[in-house]
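A.B. asks: The whole structure should be built from the sequences, with the hints applied where relevant.
In order, the protein sequences belong to chains A, B, C and D. Heads up: the first sequence begins at 1 in this note's numbering, then just goes up one per residue. Heads up: the second sequence begins at 500 in this note's numbering, then just goes up one per residue. Heads up: the third sequence begins at 999 in this note's numbering, then just goes up one per residue. Heads up: the fourth sequence begins at 1498 in this note's numbering, then just goes up one per residue.
Bear in mind the hints are in silico, worked out from the structure with no lab data behind them. None of these values were measured; they are calculated from a predicted model. Ideal placement from N, C-alpha and C gives every residue a C-beta, glycine not left out. Incorrect hints may have been included.
[As the list claims (entries may be wrong)] With the Cβ distance kept under 8 Å, some of the chain A side facing chain B (calculated, not the full set): (1) Val-265; (2) Pro-268; (3) Gly-271; (4) Asp-340; (5) Asp-363.
Read off the chains here:
Number of protein chains: 4
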Amino acid sequence: MSVFISGEEVEQHASRDSCWIIVHGKVFDVTDFLDEHPGGSKIILKYAGKDATEAYEPIHPPDAITSNLPTDKHLGAVDPNTITQVVREVTEADSRRAALVASRPPLDEVLNLHDFEAVARVVLPEKAWAYYSSASDDEITIRENRLAYQRVWFRPRVLRNVATVDWSTKILGQKSSLPVYISATALGKLGHPDGELNLTRAAGKHGVIQMIATLASCSFDEMVDAAVPDQQFFLQLYVNRDRDITKRYVQHAEKRGVKALFITVDAPQLGRREKDMRLKLVGDEATSEVQKGQAVPKDQGVARAISAFIDPSLCWEDIPWFQSITKMPIILKGVATAEDAILAYEAGVQGIVLSNHGGRQLDTARSGLEILTEVTAALRARGAFPSPAFDIFVDGGVRRASDVLKALALGAKAVGVGRPFIYAFSAYGQEGVEKAIQIFRDELEMNMRLLGVRTLDELRPEMVDASAIRSHVGSQPDDKLYQNTYQPLALAQFRTAKL
Amino acid sequence: MSVFISGEEVEQHASRDSCWIIVHGKVFDVTDFLDEHPGGSKIILKYAGKDATEAYEPIHPPDAITSNLPTDKHLGAVDPNTITQVVREVTEADSRRAALVASRPPLDEVLNLHDFEAVARVVLPEKAWAYYSSASDDEITIRENRLAYQRVWFRPRVLRNVATVDWSTKILGQKSSLPVYISATALGKLGHPDGELNLTRAAGKHGVIQMIATLASCSFDEMVDAAVPDQQFFLQLYVNRDRDITKRYVQHAEKRGVKALFITVDAPQLGRREKDMRLKLVGDEATSEVQKGQAVPKDQGVARAISAFIDPSLCWEDIPWFQSITKMPIILKGVATAEDAILAYEAGVQGIVLSNHGGRQLDTARSGLEILTEVTAALRARGAFPSPAFDIFVDGGVRRASDVLKALALGAKAVGVGRPFIYAFSAYGQEGVEKAIQIFRDELEMNMRLLGVRTLDELRPEMVDASAIRSHVGSQPDDKLYQNTYQPLALAQFRTAKL
Amino acid sequence: MSVFISGEEVEQHASRDSCWIIVHGKVFDVTDFLDEHPGGSKIILKYAGKDATEAYEPIHPPDAITSNLPTDKHLGAVDPNTITQVVREVTEADSRRAALVASRPPLDEVLNLHDFEAVARVVLPEKAWAYYSSASDDEITIRENRLAYQRVWFRPRVLRNVATVDWSTKILGQKSSLPVYISATALGKLGHPDGELNLTRAAGKHGVIQMIATLASCSFDEMVDAAVPDQQFFLQLYVNRDRDITKRYVQHAEKRGVKALFITVDAPQLGRREKDMRLKLVGDEATSEVQKGQAVPKDQGVARAISAFIDPSLCWEDIPWFQSITKMPIILKGVATAEDAILAYEAGVQGIVLSNHGGRQLDTARSGLEILTEVTAALRARGAFPSPAFDIFVDGGVRRASDVLKALALGAKAVGVGRPFIYAFSAYGQEGVEKAIQIFRDELEMNMRLLGVRTLDELRPEMVDASAIRSHVGSQPDDKLYQNTYQPLALAQFRTAKL
Amino acid sequence: MSVFISGEEVEQHASRDSCWIIVHGKVFDVTDFLDEHPGGSKIILKYAGKDATEAYEPIHPPDAITSNLPTDKHLGAVDPNTITQVVREVTEADSRRAALVASRPPLDEVLNLHDFEAVARVVLPEKAWAYYSSASDDEITIRENRLAYQRVWFRPRVLRNVATVDWSTKILGQKSSLPVYISATALGKLGHPDGELNLTRAAGKHGVIQMIATLASCSFDEMVDAAVPDQQFFLQLYVNRDRDITKRYVQHAEKRGVKALFITVDAPQLGRREKDMRLKLVGDEATSEVQKGQAVPKDQGVARAISAFIDPSLCWEDIPWFQSITKMPIILKGVATAEDAILAYEAGVQGIVLSNHGGRQLDTARSGLEILTEVTAALRARGAFPSPAFDIFVDGGVRRASDVLKALALGAKAVGVGRPFIYAFSAYGQEGVEKAIQIFRDELEMNMRLLGVRTLDELRPEMVDASAIRSHVGSQPDDKLYQNTYQPLALAQFRTAKL
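C.D. replies: The following block contains the structure:
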């Protein structure tokens, strides 16, 4: 509608008093928004009067700017011939990273999911690694998530005819080639230019269900548009303070064929993830001024910057409203006690995900696998487990098909896997995700044979010894691969002194 | 009253036979006191005939010399124009320390309480670090204090409206902006020239209660004088062999408005803290003579030197006397068993602190958190818990707001925090203490939301799983930040040999 | 029968279209077999038209080629005068290894079984070490096998006359000088040119029973032919998809005097052993092509290459057939639960080996020692333990005579030891195996005296405290020798970059 | 009686056919004894025709040669003027050791018993350190001995008048200034030229009871002769195959006033101590010949060499004989189960030492402290505990007075301490032992006050929490001092290769 705005005009608005920026070829007046920007005003002012697309893209959902700014601040399209290209310098870090990418192990040397993490840790830009890998506080829960699986031991059966084994299943009525779904994770473009599309394409090719994240770097429609016929999606939802936005989002998803709604209930506020926060702070020149008496800056890492819209008042009383706006099955993601599992069951939702949000929320929260043993016992006591109308999922810490089989033996319908898939595409793009799926398949075939089960239905609680699940003591011997990939938290760094 | 004494005259008394020193502009005859000095005579003789103020100040309460010397040894004021200034050389260690201080991380990079410790460890003079950080024997208890919190896991509730959360409380009837009080710690001037005044000022500004220590470097009145209107204090008491001194001290405190009396009951003698003792000995030339057959020197570290006055005969029979001399609530600090908790309750005091004195007394004593579970069970069995007339506090090992919430869920009214605040002002002065308080606030807000509680009253025992509290096995995964800040004990050092 | 084929003629068939190779002086047409070769076609094509014996020998049983190729592809003997000798270059690795072998500790400095492993790790070619030492997935089970023994503590009796002690026994009716048999292990020529004959000769000399492995490098008859009079063997059996092959193999063994048949039941498919797989991949030039889009190669380590013939459909229904083809006692090797132990007992076999296949199959499977406590309890409850008709064996993780005594005290009849004997001959040939047997003797004498038992019959369950066997927590203090010999798993390696 | 033999004559007998040696100025014909020498013939032949005193002394009790050789082989005294002095070269190792001794920390920097060990480890000759510090097999028990104390936690009482505390006691009717006795240890001259006399002199000075060892380097009479008036001794007895020797030894001791007889019952054969054995072997040129096919040498470390006389047939039936030859109280040292404790009680002896021989015998035997909890329960059930006629002692792993108090609280009458006193005199001679005793005193005073007990009688089981004693899991946080002094076992060493 509007005529083109020239780049020269935009450049006039390069101050705190009048600040325009260009994103995806559109000009926006962000002057009034500067102080509301969850990531702080400083970073916007750096692009005042300029094209900010490249900086904007990896850490914002595509429609973040249009949905946050009033429409009268959408000034129109820029004349592409008139803008000065911001030539991004190739830094030494870029060159070093390129060399590392070139020397990464060939994909067929990746033997397990840990390998993806080991490669991603090296090839990812520091801030991307910090965002993906960080967890809250002392990162005890994220490590417990992994160790919990190793406190459960197998009781395998022998001399069963396991010539053919079948690990396909149905999840919430949808066919899945694996008892694993791709769990929602944010900001995929930090790790790869195609972002979450890597997941969509690999999932479509291999019959795996992807849970689309509210905070994905790719837009919802980009992902759904990339689907092959019969490819299915679930939707992960952070509930907005503005319920109309949420309603539109949910109903749009349902219309586009999404098959289930996973409402995140463990994140009224996003956790303090210190690896992420620390990186944001160190090396940022302006921060030293703070010591001189300024107010504490808002800037607390990517995670908290992008999540300001989440509604901390979300509660049980809101559930009927969700049931009124959609016919999709509703799953509550982040249930952590038997008490809340029972409330969920009584609220008439279709399932729960026992989760601690990948260790990114409340530290020293228990692992999903531990919660599973408590929840199945409590539901069983009420006649609500097993139940065809109420499914239990688990996520967090899964790195082996043997983990998946342990969760299923203990009552889970399927497990969610998040970070390993991000690391896979960060390191190898779509092929990495496909390889990760193939690793699950290979390991499932092997482990089902060794356990003596031909189909997932044959899994039984007595095939595992979970008696130590509550002990929280590292079941030794420990996991050498995990220990070599886990990066310990760092303390505050001295600037120059060699200690 | 007396006329000025000239510096020249003082200088005449520079031997073991007649030894005068100047402290804070006053001249004292310490000849007869030399052999009684808990820190040994050697250190005094170093200042014979000279101004000893700079050495005296950080490790003595201001009135130590006046209250320990008979008044006839108080010779009067020195003529300030006549004393030779002892010019303190700037040593290489001083320069190195100054460089380290200059390069310390900006305060806004401090993300958690561990960071203060990491910075303090580097910028503190070795002896100050040794005094603050040391604990008794094998330092097993000090480490257990931290680990005990990590054996308690959360059972968080979801879908509660946590839009607003409130972590303010009342402690012994006094308003507190946090369920945390600043616990008593000694010798603040070792870490910062303003000593404990850093605590007083920050506490006043942020509505936190400070417990004033008997062995503070700043005098009681200095601290109370620095209070803002409505700022409240508690008093920590080491009971003197001379009960008159104790009586005067307590009644003075009450008159000045102190709101509660915390009597330390776990220190009939101060513990052997070997880090502290070792540092005192190594590098001290004179010690090599000992090997030649001298008597063992009294010199056993700062802690034991300053505590000779404490009465080891203090016992339950003394409690009524305290109740007779003050109307302040009396709290016994250092109770370690259910048996003694019941005795305290029956003695009619107003509360107890479950504590092991920061791991500085009996090694392999249990953590306050562990004792808490035993004490609440025993009191509850007698109908004495919960009780508005008898409060339970816990201290030792608290580094996260999540620790505070665990202690409160298990029945504590508030928790005491000591070392983290010392490290905060040692590293950053008053601003450091303010930042530490702010960290507690941020973490409390976050963690209360994630736990599903809006006020501290909503905390319930079933929100934590404390079933492993007595196991004493490191709840793995462990605390990487803690492990990086904890300094292992060292063994005796060879003088020159490179081993 | 056939006349000699000339080397020149063989050299004409050096392509994928017509591929002949020479093995042990015979010419084979492997053209049609190329794509079926479990180790991939690439490795065969490297020897197309040439003598492949040296490469073939260490990783194939001698009759692998004759039994896998149809007889019309056996083209006849080559004229030995006409073949071009493939001169194997002495590589730098060979020279380095020779130097290491020369500097290995004299045999009398080997004090325990760990020492053999420490030496073997250094002197073995990398691939041999990888094949022998690797276990499945995260190698948790292989380490647990060792640690399980250390969670069982002794309750030794004193003041018993132990002037003479006797550790000889009978195993399945055969005399054995030790309560230990040499368990089946594959591919002995990887470690020493004489392969498993080292075991046979040492076993014969010292009255120990060897279990012959289906996948041995030496042929069954070579080993039996090397026996001394009265030397006894057991046979380990992987069941072939083609039961006729299995039948011939078993009946041949029985005819040659083998005394028991151990059917492996825990390996319907051989485990993923990533150390082995990783080594196969790294450094192999061709693999980099895979990244360019080729199909995933079959090549997954030696273990899986050589085991393609194993029948995954083997089941309980097959047991009567085995009973019909042999009169040898039948033992099921790899039972892992009380449930299956009972099934075995009811199936009328003569015993079971509680085993997890040396940690090489299902990871996080439990140790044989732990299973033993469950199995004896369950059998005892049915009146089936102790029973002269049904023996229980254990293998995995045994490194000390004290381990043997613990297993026997808990109900095992004897224990199987595998890797330590391989490491012994890899490091020192036959003399190494003899030394290993001598170490068992020395330690048995010592430990029986210290336990207060004169014969193995005097061992009692109450001589050990196995109450922690299910805890899976590393019984600390840990095993320093073991920790120094265990090689942690490695992650995928970057090609050139120094990280 | 005999005339002097000239050195020249002795030198004529310097071969295997006729081998004379000089020890302590006497000439012995050892030709027939060469093959019986427990330490092998090689070492004797090295001194054939020469004065062997210096090599003989530290590792033999003074009368070893006279009591082992028939009297007709005692050839008489050598003419001191005629023997060629064997000038011992000062080796580089000697010089290095002298430098280390000179630089050892002054004694007043030794703050705890661990410090002695840290110093001794550096200043002791390698073989002495190996002999003293080594334990059997994987050295699991020796480390468990220490850790067991740390699984017991204190429940200290407060507000008891502890102005004066008293840690003196009576042990088997004898006054002792400490609830600690010096336990028997062998070969004291390896560590210090005065050997066990360092213990005798320090014990006499400080009112501590020394248990004299059968295998001491100093003779029994040397030690008893060095006593001060009223100094008391116990006697440790290895029972000789020749009971007459034992009878004479015991009755001589009783006549000289020894107050109790401790019969070692856990050593029918001395354990394999691999640190000790390894050192004996490495660097010994002749051993390489063994590999060439010789018989295995007898040479298996100092411990086994000196203990060949011990009778492995000693049993319960022998007890009445001991009771018939002495009126001293008889204590069985090395009881390890409740069953044997009851047998001992029924046999009418006066007490038992719960011990695993300092971890030097059966590895994975349990700690004395753990056994104590089992034994007191079993005896109490029979009305035999507490009993004035039957005392229970514990040894192994004690390093702190707090350990002593834990053992006494759980029912021990006193504890034995061995290695720490050896390390003390190895590092500092008699003064070291005195300092060790003083450390016990200081720590006892401190810890009794902090526990709230004034006398040892006030110790109660409920003052400790021993509920984890059987868990065998390292009670974390662990013991940093201990970990820094414990030297891990080493594996066999390559000769030249740098690995």
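A.B. asks: Could you tell me which of the hints above the structure violates, numbers in ascending order?
C.D. replies: none
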